[in-house]
Amino acid sequence: ERIISFLLTSVCRMICQRSSNPSEGKWPTFKKFDHNYYEQRDSHSNTNRRITEPLIYSDGKWLTPITTTSLFSQTKQQYVQFRGINLPAKTPLNTATSSATEKKAISFIDRPFPLVDAPSHFERLSNYGFNIVRLTVTWEAVMHAGPGIIDHEYLQYLSDLVDVACAYGIYVVMDPHQDVWSRMTGGDGAPEWTLDRVGFNMEMGGDLLH
Numbered sequence: 051e052r053i054i055s056f057l058l059t060s061v062c063r064m065i066c067q068r069s070s071n072p073s074e075g076k077w078p079t080f081k082k083f084d085h086n087y088y089e090q091r092d093s094h095s096n097t098n099r100r101i102t103e104p105l106i107y108s109d110g111k112w113l114t115p116i117t118t119t120s121l122f123s124q125t126k127q128q129y130v131q132f133r134g135i136n137l138p139a140k141t142p143l144n145t146a147t148s149s150a151t152e153k154k155a156i157s158f159i160d161r162p163f164p165l166v167d168a169p170s171h172f173e174r175l176s177n178y179g180f181n182i183v184r185l186t187v188t189w190e191a192v193m194h195a196g197p198g199i200i201d202h203e204y205l206q207y208l209s210d211l212v213d214v215a216c217a218y219g220i221y222v223v224m225d226p227h228q229d230v231w232s233r234m235t236g237g238d239g240a241p242e243w244t245l246d247r248v249g250f251n252m253e254m255g256g257d258l259l260h
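Here our numbering is used: the first residue of the sequence shown is 51, the next is one more, and so on.
For the record, the hints were derived by calculation from the structure and aren't laboratory data.
Quick caveat: nothing in here was measured; it's all calculated off a predicted structure.
Careful: at least some of the hints might be erroneous.
Label-pair restraints from in silico Cβ distances [unchecked claim]: (1) L113 with V166: 31 to 39 Å; (2) I116 with Y178: 23 to 31 Å; (3) Y107 with W231: 30 to 38 Å; (4) W231 with P115: 39 to 47 Å; (5) D246 with M224: 25 to 33 Å; (6) Q131 with E253: 46 to 54 Å.
Yeah, the Cβ is synthetic: ideal placement off N, Cα and C, and Gly gets one too.
All chains should be modelled from the sequences, with the hints used to inform the complete structure.
See below:
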C-alpha cells in the first residue's frame, strides 16, 4: 500500500500543481488542462463539427457504411466506438391552471433543457469527446393528459432536440424509461391517470382506494 501511495503521489506531482491563490481552495489544478477548450469558442464552425452517419450493426460492432467514391474506389468501413452519458428527462414542468379546482397542467417540453440552449450543451459534450447520449422518455411525458391523448408538441420538441444533437455529431438512444411504475409511487414512467384507473384515489394523494 505504501508503494502504491508513493507512485500515485509522484504521478500527481508530475501532472498537477497546487493553486497559489488561497481563494481557489487546496485542491490541485491541472497545468495543461485547457478548460476554455470545452466551452464555446469563436474558432468553431459548422465545417469542423463531427457528423453522424447511418450505422450498420454487424457481429457485435457498429460500423459506418461502405460508400463508393468512384468507379474503382470505395471508402473503408470504420468501427464506431461510443462514448456517452445519460441525459435524464423524467421530471415535468408545472404550468398554470385555468381554475383553482383543476390540477396543475404538466409538460415535459424543455426537459432535459430548453431547445434554445441545446446547441451550447451538445457542442460542449462533443468537444469533450462524447458521441452518444441516452435520452430518457417516459410514458407520462407522451400521454400525461389522459388515455390516448398524445402530447404532439412534446414529440416535436424531442424531434428538434435530436436534430440539434446530430448536428454536433452526437447519436441519441431514445430510452422508454420506467422505474417503480410512476412518479406518484416513488419512481417515474407511467402517468397519474393509470393509478386512478386501477382504483387509487389520487385526489386524496393516492394513499386510499376508491
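These are the hints, each one checked on the structure:
Between L113 and V166, the C-beta spacing of about 35 Å keeps the proposed range 31 to 39 Å intact. About 30 Å separates the C-beta atoms of I116 and Y178, a value consistent with the hinted range of 23 to 31 Å. Taken as a hint, the range 30 to 38 Å holds for the pair Y107 and W231, whose Cβ atoms sit roughly 32 Å apart. Look at W231 against P115: about 41 Å separates their beta carbons, and that is inside 39 to 47 Å.
Checking the proposed 25 to 33 Å range against D246 and M224 shows it holds: the Cβ atoms sit about 27 Å from each other. Checked against the hint of 46 to 54 Å, the C-beta distance between Q131 and E253 comes to roughly 51 Å, which is consistent with it.
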